[in-house]
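**Q** Sequence:
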Amino acid sequence: MSLSNDPTDRIRELIAAIEPELIAIRRDIHAHPELAFEEVRTAAVVARELTRLGIPHQTGIGRTGVVGLIEGGRPGPVLALRADMDALPIQEQTGLPWASRIEGKMHACGHDLHTTTLIGVAALLRQLAPQLAGTVKLVFQPAEEAVGGMQAMLDDGLLDNPRIDLALGFHNAPNLPVGRFSYTRGPGLAAADTFAITVHGVSGHAAHPHSAIDPVVAAALLVTQLQTVVSREVDPMHPAVVTVGAIHGGEAANIIPDSVTFRGTVRTLHAPARNIAEAAIRRLCQGAEASLRVRCEIAYRREVPALVNDDRVIDPTIAAIRRQLGEVVEERGPIMGAEDLAVLLERVPGFQLRIGSGAPGRADRLHNSGYAPDEACIGIGVQAITRATLELLS
1 MSLSNDPTDR IRELIAAIEP ELIAIRRDIH AHPELAFEEV RTAAVVAREL
51 TRLGIPHQTG IGRTGVVGLI EGGRPGPVLA LRADMDALPI QEQTGLPWAS
101 RIEGKMHACG HDLHTTTLIG VAALLRQLAP QLAGTVKLVF QPAEEAVGGM
151 QAMLDDGLLD NPRIDLALGF HNAPNLPVGR FSYTRGPGLA AADTFAITVH
201 GVSGHAAHPH SAIDPVVAAA LLVTQLQTVV SREVDPMHPA VVTVGAIHGG
251 EAANIIPDSV TFRGTVRTLH APARNIAEAA IRRLCQGAEA SLRVRCEIAY
301 RREVPALVND DRVIDPTIAA IRRQLGEVVE ERGPIMGAED LAVLLERVPG
351 FQLRIGSGAP GRADRLHNSG YAPDEACIGI GVQAITRATL ELLS
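First residue of the sequence shown: 1, per the UniProt record's numbering; consecutive thereafter.
Calculated directly from the structure, the hints in this document are not laboratory data. Please read these numbers as outputs of a predicted model, since none were measured by experiment. Here a beta-carbon is modelled for each residue, glycine too, at the ideal position from N, C-alpha and C. Some clues are possibly wrong.
[Stated by the list, open to error] Here are the computed lysine to aspartate or glutamate pairs in the DMTMM-like style, where the Cα-Cα straight-line distance is at most 20 Å:
1. Lys105 to Glu145
2. Lys105 to Asp155
3. Lys105 to Glu289
[Said to hold, decoys possible] Label pairs and their calculated CB-CB ranges:
4. Ser291 to His238: 42 to 48 Å
5. Ser231 to Pro209: 28 to 34 Å
6. Ala220 to Pro56: 41 to 47 Å
7. Gln286 to Arg41: 27 to 33 Å
8. Pro177 to Glu251: 35 to 41 Å
9. Glu251 to Arg52: 54 to 60 Å
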């Protein structure tokens, strides 16, 4: 069925016909959460739906990822639409009928919403494909929470056959009321690095500290000094976070242990700040070695880059959403969370849209055991992403 000059009503009709089915799919996925690279059942649900829609697809991309293709009626660029599928190691506390049936696992970040939304977009675009000037690559990604799924898919050739020219991702946002959207220009999410530092000393009796080399004191000093990385080394106009989230050393009150290990994360939006933070952490460890006679073993890993949104994708996307849904989009500043969609956006221009999922009367937050988003965000999100795709491939 062909589109009129204004596809608004047609998109609304198409989503109204399938929205109850999409909510049922979301609840099924939610009840059966799977952690990073374990998304076998979820990938099977995706493959089942793509098969039902007659959309050619491949499974096993990036171990448990799924990639589908929708070819438009005219030649044009290849647009990747990406949704992540993995859950978190959290015990759900919502008490909902469709709550997780898997002990210690929960879709507390809303990736069940994302997967279902992209299935819905696939269903609409399958109907609207003749109007597209280009190809849609549907990317159902594993292991976003483990910060490795996108790279695994790229290693399996995601970028090519056909080569991706543009990318559009999305994430639910409980701090936005359902029906609202937000975007950020330029850096929108932080680069995420992790570190583990083991401070080696010499064990001894707590009553005779002079006969030992105390790694506890050295570790405590380092944890305190790390706070100066942001406050005294990084440009104050460049946001940065250095957080120590875990520390362990010793087993008894009267023993100085041989070693102490602490682990943390570094978040930055700009490359200079990222480089400064790593160099400062290594230098502070060298200082502790010289002044306190310990030895520091550093494992520093750069996980994902900052996610940088590109105006070439932002502007047509926002314009399309306003045409479809009205004045429901607002610009907001960056946040210091991380997202491995950034690995793809390093290679092609792209954008991550935030879709409001906040339910009336609630104050939910991501990665929380009681997270209960408003499922209306699925149908609204499908409308937004579908209309944006029509604009980007017009």
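**Q** Decide, hint by hint, whether the structure agrees.
**A** To see whether the hints hold, each was checked on the structure:
no.	hint	result
1	Lys105 to Glu145	holds (13 Å)
2	Lys105 to Asp155	violated (28 Å)
3	Lys105 to Glu289	violated (41 Å)
4	Ser291 to His238: 42 to 48 Å	violated (29 Å)
5	Ser231 to Pro209: 28 to 34 Å	holds (31 Å)
6	Ala220 to Pro56: 41 to 47 Å	violated (58 Å)
7	Gln286 to Arg41: 27 to 33 Å	violated (48 Å)
8	Pro177 to Glu251: 35 to 41 Å	violated (50 Å)
9	Glu251 to Arg52: 54 to 60 Å	holds (57 Å)
Consistency note: the structure conflicts with the earlier hints numbered 2, 3, 4, 6, 7 and 8.
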